[in-house]
Each structure stands twice: as structure tokens, then as C-alpha cells.
Amino acid sequence: MDENTIICRCSDVTLKEIRALIAQGYLSFDEIKRITRVGMGPCQGKTCGQLVLREIANATGQSMAELQFHQLRPPVVGVKLHLIAEEAERHEE
Amino acid sequence: MKNRADIVIIGAGMSGCSIAYNLAVRGAKNIVVLEKSFICSGSTGACGAGFRMQWGTEMNCRMSKFSTEFFEHANEILEYDGDIELRQSGYLMIADTEKELTQFRKNIEVQHACGIPSRMVSLEEAKEIVPHLNTDILSGAAYCQKDGFLNPHKTTDAFYRAARRLGVEFNTFTELTGIRVEKGRIVGVETNRGYIETRIVVNAANAWSQGIAKMVGVELPLYSERHQILVTEPVEHMQDPMVMAFNLNLYVQQSPHGSFIMGRSDSSEPRDLRRTSSWHFLEEMAKTIDRVLPPIGQLRVVRQWAGLYNMSPDRQPIYDKVEQVEGFYVAVGFSGHGFMFGPVTGTVMAEMILGLEPSIDASRLKLSRFAEGKLFTEPSVV
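Line order of the protein sequences matches chains C and D. Position in the first sequence (from 1) plus 500 gives the number in our numbering. Position in the second sequence (from 1) plus 258 gives the number in our numbering.
Keep in mind that the hints are not guaranteed to be accurate.
What the hints assert, rightly or not - Facing chain D, according to a computed beta carbon distance under 7 Å, are these residues of chain C, among others:
id: 1; residue: Ser528
id: 2; residue: Arg534
id: 3; residue: Ala565
id: 4; residue: His570
id: 5; residue: Leu572
id: 6; residue: Arg573
id: 7; residue: Gly578
id: 8; residue: Ile584
Said to hold, decoys possible - So these bits of chain C aren't anywhere near chain D, every CB distance computed over 10 Å:
id: 9; residue: Lys516
id: 10; residue: Ile522
id: 11; residue: Gly541
id: 12; residue: Thr560
What the hints assert, rightly or not - One side of the interface only, derived from the structure: several residues of chain D facing chain C at Cβ under 10 Å:
id: 13; residue: Phe329
id: 14; residue: Asn333
id: 15; residue: Leu531
id: 16; residue: Arg533
Worth flagging that the hints you see were computed from the coordinates, not collected in a lab. Just so it is clear, CB atoms sit at the ideal spot from N, CA and C, and this is done for glycine as well.
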């Protein structure tokens with residue numbers, strides 16, 4: 501596969517960058533995320549997560565099931581702060 | 259993993275990595291760092307990515323100035339091939355009460371005595387610095403241009419890589435399970451991956467430090483508490499400084515990447531180690547931002563997370579060699595600002611452990627200050 505392939509579309513992270521970090525011993529999704537911003541964007545790893553995990557699995561010989569993804573956190577999709585504030589105030593009334 | 263070490267450091271967040279680097283760069287050998295998860299997985303990795311010199315105690319002012327001066331040259335000093343993303347884009351501290359403004363004025367006197375270039379600013383000037391700030395609800399503000407943003411992951415990574423190049427051994431996913439003490443002195447540590455013989459243990463585990471101290475029968479006067487943050491989608495650059503308020507209870511800044519990072523504290527948080535996310539935080543944060551910086555309310559939140567503050571009774575850290583147990587050192591109780599104090603933490607601890615002349619006097623931060631009642635509380639913490 502072309503190493504310039506974008507793995508994380510939110511943060512423009514390439515396969516090359518991911519492989520370079522794995523080669524340097526960054527062997528978990530969380531570690532790679534913290535350096536490259538992979539999975540930090542609006543999709544929260546829903547696109548890139550499996551791709552990164554597969555790269556780690558290929559490099560370490562672990563199965564994908566053994567590897568840990570980052571902790572899933574709210575919200576499921578992006579929500580405007582103002583709408584949350586408005587709803588919160590409506591509930592308080 | 260080595261089975262013998264001169265020094266074992268517990269925790270590979272900013273403090274642990276900086277202590278490891280500072281020891282190694284001063285010539286210490288055989289240093290092993292134990293991290294129960296991955297590098298930067300604890301409080302550092304969950305922090306708000308800010309650093310400031312606008313503090314209320316002389317000690318914190320001096321320590322933050324020392325750290326800031328280090329950060330200004332950290333890429334070069336640590337020979338980092340990445341970028342720690344230092345941006346001295348300022349901290350604007352906003353007040354909505356007279357009482358808070360009076361505190362700002364007092365703080366600025368302390369800051370000026372330490373050579374920190376902070377100043378009071380009028381609401382008009384605050385509005386020029388942050389045009390979308392709702393100054394109608396404010397009474398005044400203080401500002402320091404030299405404060406700003408710093409990437410916690412990359413900064414820790416820079417210390418980690420520099421320490422590793424100097425021969426420090428990092429063991430991730432390696433949990434400390436016990437500390438062996440004989441005749442009042444440390445002789446080794448037990449981990450889930452085996453035993454390491456050592457005479458020196460440095461507790462840099464911040465939120466988890468109380469449990470580690472208990473292993474040698476030491477009770478630290480600390481508690482850990484969840485603090486939450488959220489981040490928005492990235493947008494075009496629209497805000498230079500961190501905006502911080504104690505009474506209105508928020509801090510918010512735009513990262514160089516474009517996303518807004520914001521947090522607030524909650525005095526009703528239980529004192530434990532939970533790091534889950536709460537709906538309550540999201541609502542309170544959204545209401546606060548909507549009121550103080552309305553245009554930011556139009557941005558979408560993409561993630562919220564939680565990290566732990568390790569609170570000390572006077573909101574300042576403890577740097578000490580614990581008297582009861584020979585060979586046991588602590589760098590703990592950072593009360594929410596351990597990341598930005600990283601350089602000073604590493605320097606103070608390395609010099610203490612190696613018996614070198616201290617380059618900054620941190621003797622007031624001894625553990626014994628609590629028993630002696632010599633607290634000097636930091637008034638300005640979110």
C-alpha cells in the first residue's frame with residue numbers, strides 16, 4: 501500500500517507516520533494518538549481506529565482482539581454547545 | 259527489564275519523565291521508570307495544555323517562571339525531533355466580582371516581585387484581546403503575554419525520548435505491586451513483571467501516589483479528584499489567550515490545531531480515582547461558555563474526558579525525601595498543575611536525590627509543612 505495513504509482523515513495522518521511510530525516502539529492506539537492526533541478529530545477514531553490497530557497487529561503479531569482501542573467517550577456525534585446549554589436551561593425551568 | 263537499579267521512578271507522566279531526564283543528564287546511571295499503563299496515560303495526558311506564571315504565592319510564581327524559561331528552549335535542550343508546540347499567546351484572567359479583582363491585584367504584586375510581566379487590563383482592552391468575550395458580566399481582568407499553550411503529550415514525549423537516549427529504562431504496562439523495606443530502608447520493588455533491587459524509589463504517581471506511599475506505611479495528606487474537560491471541532495484561529503476565571507469557573511483556550519479545549523471544576527466531585535465522563539459537566543460547561551464567550555457556543559463538542567487532580571491541603575506540590583523510610587522520595591500533590599511545573603519538578607528532585615546544590619529553593623514544599631502547620635495556600639486554582 502502507498503505509504504502516503506491517509507489513515508486519519510480528521511487529522512491528516514499518513515500510514516507512513518503510523519508505521520514510523522510503531523517502529524519506534526509506540527505500540528498502542530493511545531500512544532500513537534497522543535503523538536499524531538489520530539482519532540482526536542470529529543470522528544473520534546471511528547474511521548481510523550481499526551486501520552491503526554491492524555498496523556499494530558501486523559507489526560507485533562498480536563491479534564486485533566488483544567489490542568486496546570482508546571476509551572470511548574461522549575458525545576457519539578458532535579453537538580453544538582449552545583444547544584446543550586439551551587436544553588439544560590429548559591430542563592431547569 | 260533490569261533486576262537491579264540505582265533509582266526506580268514510579269509513574270511516566272510529565273513528572274516521572276522529567277525527573278528521569280534530569281537525573282540522567284546530571285550523570286545518574288541505572289535509572290528505571292515503571293508505568294502501569296502507557297507513557298502519559300494519567301493526569302498529564304488528560305490536562306488542559308496550558309502553562310502560566312500568574313499565581314498567587316511567591317513559590318508558585320518562582321517555580322512557574324523557572325519552568326516557563328525551560329519550555330521556551332525545550333525543543334533545543336531536549337533535542338526533540340518533534341515540536342512541543344509552545345505558544346506564548348497569553349492568559350487572560352477574568353473576574354466578575356470586586357473580591358476577585360482585589361485578589362488579582364495582590365497576585366500581580368507577588369508576580370512582579372518575581373519578574374513576571376503580568377498586568378491588570380481594562381475591560382476595553384480585554385475585549386480587544388478576546389473580541390468575543392462577554393465583558394458585560396465582568397468587573398476586570400489580568401493578563402500575561404508570556405503564559406500560554408503547550409502540548410502535554412509532545413512535551414512529555416520530548417522528556418521521555420531524551421531520558422531514553424541517556425540510558426533510562428522505561429517499562430510500560432508494568433505495575434508496582436509492593437516496596438520491600440528492611441530495617442527502615444528501601445531494598446527493592448515488586449512489580450507484576452518481577453523484582454527489582456533498588457535503594458531509591460521516587461513516587462511520581464500523582465493521583466495514585468497515596469496508594470504507593472501506603473506500601474511503605476507513609477500516609478500522604480492528599481486526595482484525588484476528577485476534573486473534566488471537553489474539546490470542540492477545530493475551527494479557524496479566533497482566540498489567542500487562555501481565558502480563565504475562578505469565580506465564573508472556567509478555563510478555555512484554542513489549541514494551535516484549532517480546537518477549543520475547556521474545563522471547569524466541580525466542588526461536589528467524590529474524592530476517588532474515577533475518570534468517567536458525566537452529563538452534568540457537559541451541561542454546566544456548555545452553560546458557562548454560552549454566557550462568557552457566546553460565539554464558542556456555536557461550536558460542536560467532539561469529545562469530553564476526565565483526569566485526576568492530586569490535591570494537597572495548600573494546593574501546592576510536595577517535593578521531599580521522606581524521613582520515615584530511607585530512600586523514599588515524593589514529587590506529588592500537584593493540585594492540577596503538575597504538567598506545567600514539570601521542568602522544576604525534575605530539577606528539584608534530581609538535585610535532591612543526587613545531593614547537589616539546589617538551583618531553585620523549594621525547601622518550603624517539604625512534607626513536614628502540613629504537620630508543622632506551615633501551609634501557604636495558593637488562592638488561584640480552577
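Verification of the supplied hints:
1. Ser528: At about 5 Å, which falls below the 7 Å cut-off, the nearest Cβ of chain D leaves the hint on Ser528 (chain C) intact, so it holds.
2. Arg534: Given a least distance of 4 Å, the restraint on Arg534 (chain C) holds.
3. Ala565: The hint is violated - Ala565 (chain C) has no Cβ within 7 Å of chain D, the shortest such distance being about 17 Å.
4. His570: violated, 10 Å
5. Leu572: It is violated, given that the least Cβ distance between Leu572 (chain C) and chain D is near 10 Å, above 7 Å.
6. Arg573: Holds. Min distance 5 Å.
7. Gly578: Because about 3 Å separates Gly578 (chain C) from the closest Cβ in chain D, which is inside the 7 Å limit, the hint holds.
8. Ile584: Ile584 (chain C) check passes; min Cβ-Cβ to chain D is 4 Å, inside 7 Å.
9. Lys516: holds, 15 Å
10. Ile522: Holds: least Cβ distance 14 Å, greater than 10 Å.
11. Gly541: The claim is violated: Gly541 (chain C) sits with its nearest Cβ about 7 Å from chain D, within 10 Å.
12. Thr560: Per Cβ check, Thr560 (chain C) is outside 10 Å of chain D; nearest 13 Å; holds.
13. Phe329: Violated - the Cβ of Phe329 (chain D) stays beyond 10 Å from chain C, reaching only about 18 Å at its closest.
14. Asn333: Violated, about 15 Å.
15. Leu531: Check failed: Cβ of Leu531 (chain D) comes no nearer than 14 Å to chain C, outside 10 Å.
16. Arg533: holds, 8 Å
Of the numbered hints stated above, those contradicted by the structure are hints 3, 4, 5, 11, 13, 14 and 15, listed in ascending order.
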